[in-house]
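**Q** Quick mapping for you: the protein sequence lines, in order, are chains Y and R. For what it's worth, the working numbering labels the leading residue of the first sequence as 1, then goes sequentially. For what it's worth, the working numbering labels the leading residue of the second sequence as 1001, then goes sequentially.
It cannot be assumed that every hint is accurate.
Covered stretches of chain Y (chain R as the covering partner; in silico rule of three or more C-beta atoms under 8 angstroms from a C-beta of chain R) [claimed, not checked]:
no., segment
1, 195 to 209
2, 223 to 235
3, 333 to 343
4, 348 to 357
5, 381 to 395
6, 430 to 441
7, 502 to 514
Stretch-level coverage of chain R by chain Y, calculated; a stretch enters the list once three of its residues show a Cβ under 8 angstroms from a Cβ in chain Y [what the hints assert, rightly or not]:
no., segment
8, 1063 to 1071
9, 1197 to 1203
Because the hints were derived from the structure by calculation, they are not lab data. For each residue, glycine too, the CB sits at the ideal point set by N, CA and C.
What follows is each chain in one-letter form.
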Amino acid sequence: MRRLVLGLLLTALLAVSVEGGAGSAPTPSPGVPGWTIEPVATFGGSSPPQLAVGTDGVPQVLYCPVGQAWWANRSDAGWLPEYVAATPGGGGCGALAVGPDGAPRVYVYSKPVVGPAAAMLWTRTPAGWTPSPGTVPSGSIAVDSQGRVHMVAEEAVPNGTAYDHYLHFAVLSGGVWQVTRLDFMGTTGFAFIGAHWEQVVVDSQDNPRVLYYDQLRGDVRYASRNETGWRVEVVEHIGALNIAGREGSLALDVAGNPHAAYTVRTGPRTSEVRYAVRGSAGWASEAVSRPPPAYGGGGLSPSVAVGAAGPVVLYGFNEQLTAIPTSFNYDLIFAAKGPSGWEDEIAYDGHLFLNVLSDPSDDDLDAPQFPAMVLDHCGNPHAAVYLNNRVGAATNSGVYYLTKGECSPSTATASLRVEPRTMNLKSQGRWVTATVTVDGATAADVDLSSLVLNGVPAAWARRLNDTTLLAKFPRAEVAATLPEGKLVTLTLTGSWNDGEGFTATDAIRVIRPGR
Amino acid sequence: MCPPHSPFHDNVIEGGTVGVNASASEETFYNCRLAGIDPPQYHDQTWLYAGHADLARNYIGNMTAEGVRVRSYMTVSYPSFPRAHVEATRNRIEDNVHGIHLEGNAVGHTTYTVYANLSDNNTVANNAQYGIYVDAATVDLVKLRVWWNDVRDNTAAGLYVTGDPPGPDYFHAECNWWNSAGGPYDPIPPPAGEPDWNDNPDPNAQPVSDYFWYRDLDNDPYWLQEPSLTATSCKL
């Protein structure tokens, strides 16, 4: 593994970043040049933020000050926050996903004005954030192409004086949650098992895929559903993890292959981040994170994404600097897998100096937690983290957004394939089907309502996966624009969400039998 | 020989060394004469005590050692011997050096574990060292229950676990109030600090040790104020 950043440079950056005396909070300190950071909201009491990129290509973040859930999207004027819901306590922050209609959904344990706290699904509508009942508290959500919300969570079911623990899957279809307890983890005396985590994503066929950690059996597991039902398999038996937080992540590539990243405890005081991909022979895993340091620490809290150049992982890396656990380097590392293996760089250069352990007032912290990352269509990372950033009582702690690189859809292109390949102008078929594949952009960057084929607007369009669209056009109207010929060109025009246009062409045979 | 359960309720137990001692111990009497045997025969006789106290609505305070002591002082291995423990509900355990001290011991291959069920709105506050002291190696991890209590203003830590307990799990302490909506003060990050990392700059936040689970959802007086809600929600 080749390192992009030398230890000397790391030392120099750290020396700069720890400046800041009592009474002033440290300045947030991005890592190698190119990474930028901006505050989304500042508040104390850490909780894991969520990040998504909308159909308009704009990043949006869910974040949770104590007792509240907020959503914000990025604009030229900064981050624009909206209040979503009251929550019981702090520390947790639900889930965020964007539907094909562009509307964000938030699934969070909510506290109503009257009555008990309950899991709720909140949808952003023109009238504001609208709630509907959920099933069990917390969890991960994804929205499929039909707008159905898929959710996974750990569920504890009372069984006498004990509790049975399940992986709980639910899909909201037609206003009703259809619940499946798709894996029985085991029975304990506790309603809450500490170190579980889970994530759901939806593939191009709208099938849910789930990565989760079963603390009771010590497995990282993968569950997928197809037309024959659910299949559960062990990605890796990792044993006890005992780290609370978002310690695993799942992403699909354009072919639908699952890529996983997760934290593994390698010793009483050490951990590492592993990456696993499922091939024809099953799951194969390898270490991503830097080697654990001598006094303890290591990689944790990974977030994985897959771009055109391959998988990337953003993870936390802490390094205990002294025998007594009071001084740490605490960085975010961005790792990309290339032809020669994993290469990495420091995305955020943090530290954590606790001094007297029982005394919060002497802390010097600049430590990122809970990274969540997605890639844009150019392969640039967008991440949200909670940043513990304070010296004593002076604080800039809160949720921050990190990114690297610029991306414009104008550099992207689209290609077209029309079906049928031979069009009979006398046939009575109903549709002409256009498959549009984008390059340098994602299907989410395309304004579906803008698609026009030979001047005929699409009657219906949907995204098949990250880079492919399907659109149907009225056959009779398209046929009316076509001459006979062995190679007749059809032209599709459309717009990216930022308003710029694109064009794609294809050639098919057009016949009129009987002449 | 085991004494009967010892229920204590609605008392003020104040001003001593240990407020309630529910420890396990043995006492050996040497050269005891056996009754009804002539000529006289003598042997040593050992009495065993397995402490068990049910505590409800008491004030236990101002002790120079512990408000409640649950320890084991056994010196001989009796594998089936009952474990010392307390059940405590709605007590105020305040202004002691330690609020509750839980520590078993090991004799040969026998570990005399101890435990406590501290649930339903105990207040463990203003103790000079630890609110609840848990010896990681000798407290029963499954039977220790710290649920729905008000734990605050203890000087060193509200709950202190001495180290990594045996086995893959950690102790649990759920649905408690740690005197801050931001949660307890628990700053050491994983993997060195286990299992939670909850930096909370609130100076009122109760410091706690590592090696026990608390829930993210617990950091809310909501649980204490609304027992009916707790009954339906905080068990989840």
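**Q** Any hints from earlier that this structure breaks? Give me their numbers in increasing order, please.
**A** 1, 2, 3, 6, 7 and 8
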